[in-house]
Amino acid sequence: MDLKQLYQDIILEHGKSPRNFGKCDKYTHKARGHNPLCGDKIEVYLKLDKEKKVEDLSFEGNGCAISIASTSIMTETVKGKSLKITKEIIIDFLNMVKNLQEIKSKELDEDQKIKIMSLSGVKQYPMRVKCATLAWHTLTSALDGKKDEVNTEAAE
Amino acid sequence: MDLKQLYQDIILEHGKSPRNFGKCDKYTHKARGHNPLCGDKIEVYLKLDKEKKVEDLSFEGNGCAISIASTSIMTETVKGKSLKITKEIIIDFLNMVKNLQEIKSKELDEDQKIKIMSLSGVKQYPMRVKCATLAWHTLTSALDGKKDEVNTEAAE
Amino acid sequence: MDINTIKSEFPIFSKKINGKSLVYLDSSNSSQKPISVLNSLDNFYKNEFSNIGRSIHSLAVNATNKFEETRISVKKFINANSKEEIIFTKNATESINLVATTFGQQNINKGDEILITELEHHSNYVPWHYLRETKGAVIKFAPINDDGDIIIEKLKELITSKTKIIAVTHLSNVTGTIVPIKEIVEIARKKNIPVLVDGCQSAPHIKIDVKDLDCDFYAISCHKVYGPTGVGILYAKKKWLEKLPPYIGGGGMISEVKKNKITYAPLPEKYEAGTMPTAEVVAFNESIKFIESIGMENIINHEKKLTNYALENLKNINSVNIIGNPKNKAGVISFVIKGIHPHDISTIVDEEGVAIRAGHHCCQILHDRLNLPATARASIGMYNTKEDIDVLCEAIKNCRKVFELK
Amino acid sequence: MDINTIKSEFPIFSKKINGKSLVYLDSSNSSQKPISVLNSLDNFYKNEFSNIGRSIHSLAVNATNKFEETRISVKKFINANSKEEIIFTKNATESINLVATTFGQQNINKGDEILITELEHHSNYVPWHYLRETKGAVIKFAPINDDGDIIIEKLKELITSKTKIIAVTHLSNVTGTIVPIKEIVEIARKKNIPVLVDGCQSAPHIKIDVKDLDCDFYAISCHKVYGPTGVGILYAKKKWLEKLPPYIGGGGMISEVKKNKITYAPLPEKYEAGTMPTAEVVAFNESIKFIESIGMENIINHEKKLTNYALENLKNINSVNIIGNPKNKAGVISFVIKGIHPHDISTIVDEEGVAIRAGHHCCQILHDRLNLPATARASIGMYNTKEDIDVLCEAIKNCRKVFELK
Ligand SMILES: Cc1ncc(COP(=O)(O)O)c(C=O)c1O
Ligand SMILES: Cc1ncc(COP(=O)(O)O)c(C=O)c1O
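Protein chains in written order, with my numbering: chain A, 1 to 156; chain B, 1 to 156; chain C, 1 to 406; chain D, 1 to 406.
Next comes chain A alone, as it looks inside the complex (with noise of 0.2 Å):
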């Protein structure tokens, strides 16, 4: 194990200064995301437009740098794809965290696929792999429009 493989540049730049951090305008959607664990929690807020696209997407919260910065790389890389697409993404990104997969999606480019995998270092360190999946598990929480907040216990 190798601590700089969890914590990539490209990670602690994101946990210092998360992007679209604040409550986006005129939200359709929003979720709350908890790890009782660690205590960290986040909320996701999301516009979805009339063709069903993610026009907007932001969160607010506290946490580790690895739930921040993986919190701001989804949000960076989801917006403006279709709610199709962005479910895509979701499972993509799960399944690189727990099973190492390759990212799939043909929708994402060579950057985002970069800030994407950086976080596949928490694969190594089972108990922040709750970390990094918050976010994804909150947005999907958003997408489906639940009144439950997401708890991690729960999600995993």
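Some hints here could point you the wrong way.
The list that follows gives simulated cross-link-like pairs (lysine-lysine, DSS-like), each with its CA atoms no further than 25 Å apart [said to hold, decoys possible]:
| # | chain 1 | residue 1 | chain 2 | residue 2 |
| --- | --- | --- | --- | --- |
| 1 | D | K46 | C | K7 |
| 2 | C | K135 | D | K135 |
| 3 | B | K79 | B | K53 |
| 4 | C | K20 | B | K123 |
| 5 | B | K53 | B | K23 |
| 6 | A | K123 | C | K243 |
| 7 | D | K135 | C | K258 |
| 8 | C | K46 | D | K289 |
| 9 | A | K53 | A | K106 |
| 10 | A | K123 | D | K386 |
| 11 | D | K305 | D | K207 |
| 12 | C | K327 | B | K123 |
| 13 | B | K123 | D | K66 |
| 14 | B | K41 | C | K327 |
| 15 | D | K207 | A | K4 |
| 16 | C | K156 | D | K258 |
| 17 | A | K41 | A | K26 |
| 18 | C | K156 | C | K327 |
| 19 | D | K237 | D | K76 |
| 20 | C | K164 | D | K401 |
| 21 | A | K16 | D | K338 |
| 22 | D | K401 | D | K315 |
Label-pair ranges, simulated between beta-carbon atoms [to be verified]:
| # | chain 1 | residue 1 | chain 2 | residue 2 | range |
| --- | --- | --- | --- | --- | --- |
| 23 | D | W240 | C | I35 | 40 to 48 Å |
| 24 | C | I35 | D | E387 | 48 to 56 Å |
| 25 | A | K16 | D | K239 | 58 to 66 Å |
| 26 | B | P126 | D | K20 | 49 to 57 Å |
| 27 | C | K258 | D | K207 | 32 to 40 Å |
| 28 | B | I91 | C | E183 | 35 to 43 Å |
| 29 | C | D390 | B | I91 | 32 to 40 Å |
| 30 | C | K289 | D | K401 | 27 to 35 Å |
| 31 | D | E157 | B | I91 | 50 to 58 Å |
| 32 | A | N99 | D | K207 | 31 to 39 Å |
| 33 | C | K289 | D | N65 | 53 to 61 Å |
| 34 | A | N99 | D | G111 | 33 to 41 Å |
If you're looking for bench data, these hints aren't it; they were derived computationally from the structure. From the three backbone atoms N, C-alpha and C, an ideal C-beta is built for every residue, glycine too.
Got chain A; can you put chains B, C and D with the ligands on it based on the hints?
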């Protein structure tokens, strides 16, 4: 350890044919004893006369050979004794089965001492001490006019 | 594994009792433990110990994983739907109390009826009695016949529109009766009544399939299933665990805690408050593996043969009276000897190294029904042999000698 | 025993974590176990195992005696009046729930007040919260100051004629605050209010004398006191145990059981339902003996020195911020580092073999009060050394390197 030490002929005989079984006439005191571990239950009936002498003493109930014999021998030994001497004998008995001390009371004849001492074998069988002492604790309770039943778990 | 060499896997059988080899016939009380379980316990404490689920350092991660592996093994062992349905408790008694308390809180009101049977262990009566005291519930006892079988027709008749739950043992710890749970669940299902099964005695001795039984709750004590003390299991259908309120409150079972409000963790954590018997749960995985390495079928066959052998031989001893004669009997054999109290029997056979139990076995209702203050009980585990039964029978004959009975 | 060689008594310290020697600084979570405790556990299962208090064969007699010996040791360890005041539970969480439930059942009505503090662990809040939900009780929180000390004057002011019980920790598992229990009990005594003390963190680290404290209830978790998992202790004054209703119901805690009536066993059995963590209780006697062989005074001195050493060295690390500065502090050191989340700290120091905890440590109320979502916590046990602290400090410095902070 020797089973014959525990099950001496006197004990077997008293166990099979307990003396003073049944409710005695016009009893003035009674108490109930219970050993929850084995379910042994006895009821002691006692008639104190005006001079505070144990005019009559009997019991009902069921239990193992040790507890029935001990109760039977107790009724035989104590009947006719004064309240004060009865209490002395009880203390003597309890000291004998727990600490193997000798019977000190001068109010017992040789035959009575032999009978009482036939119960000293329980000292080698810790779980059986309670069987031997149940009757005696119950007698104390009857003399004290307590309402609660004696429970060997609390008595030890 | 050869059923004849199983005994050698249990370290305690190299011990002498009163100079004699140990003949352990008290497995219904608690079973002995195979070496693999003890090694797991020892290894966990010596090399891997950490609290689980809270810290994220390497030791904690490993311990948490091992702990959860046992949950998955238990799920498979009893064929539950998901691991969220497996709750670790301290013993079966706590498992039943958990259900009685939380179910009672939500579903029992004055006059509501709880249906149990005359076979029940105190652990499957006292918790319901509390609801009688606090909520004004009514407890009904389905009767047994003289063979020790529950009279199913009578049980049916006792069900009313007020019956809120049926709680029944799977295997009597006195008569060895194997209760037709499926039949009872089917009856209950028609009236929409949940069924709790006390599986304490069944778990080590018959194949458990909660999906097939379709019961709502199933309680197990691991120390009777060749596992360590300090661990019990509650199986419950997910819908119940989701719906019922939490039980013990504290660390680990919460989600968010504010000064004015508390939300609870998802399953199974919702029901696992405070530090768990971590090492013991981890080691219990080895108990399951041990049973599976032998095969439950083989264990059942072995115990069946031994039970029949014991029954035949005991019946041949003058004045031994076997309690109950159920249709379907497991290796729990209670008996009395005319003229000798069970306690005296236990003391006398102990002299020969034979461990049996004497008393009411936490079943006073059943003993009242049988009109017996106490019984002696020999109960069989997978490690028992024909020789054990032979020693038992000789020792019992000795009782009559000591008591100078003809 | 020499305080410097203590570590060698704990087998786990021969283990490597990520190729490094284990530096275990998570003892507030759970402590490691000395070899004597593990040997006792192993020996009991291998040579002496039996269920207790039920059977009367030799194994059972011996096991019961050993079990009761631990009760006597615990009585002495905390200076209780009698062994009937010592109840074995599964953990401190259950101990507190036992009190909250039974005391609440008898003494808490709508509008009654329960006074706890902002320092409390969830295990000393959630059980009381249940009484808020079910009985309409009110929970008040005695506030702390920025140092992490309870403001006694404010606590006093919060007591009203409706205050029915005060429940307070003896030693905070976040700030290390040693709470002046005697002072609080004296205040409560004047108003006739019983006091429950959560002694989870104190029991392994300070001398407990319940007679001197004069508290009504005291809860302990054995796994934090160098003992096995699966055992907790509730000390309660006899008058309470006699007066309060029973808690978990089942085998072993009854006296007479009839179809219409149940009477309960005398103390301590009344509160010990079902099969106990027998082997674990027996082994816990060795934990007490181990502590006493070293001497609590020596342990306190050793841990005090180490705590001071750690505080000095941590304060010297740029940007490490120690949480709380209580008047009287034990070896529990929570801290944050600006720019690095506690979880990341834990992962990074783990790489050096250092086990610390990150999160809210089951104290969300306290973290809200401190305005921190999470903290990192290094907690000291008797086996820790200056070298452990040095490794911790180096590992913390590495966090800043990994995060490229200046
Ligand atoms: C202060 C305090 N109280 C209560 C508890 C609960 O102890 P347990 O989890 O052993 O029940 C803990 C430990 O987690 C604690 O530190
Ligand atoms: C049928 C039955 N139910 C319940 C119990 C209670 O189990 P435990 O004491 O492990 O809680 C037992 C064992 O004593 C039992 O035999």
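Exercise. May I ask which of the numbered hints given earlier this structure violates, with the numbers listed in increasing order?
Key: 6, 10, 12, 14, 15, 20, 24, 28, 29, 30, 32, 33 and 34
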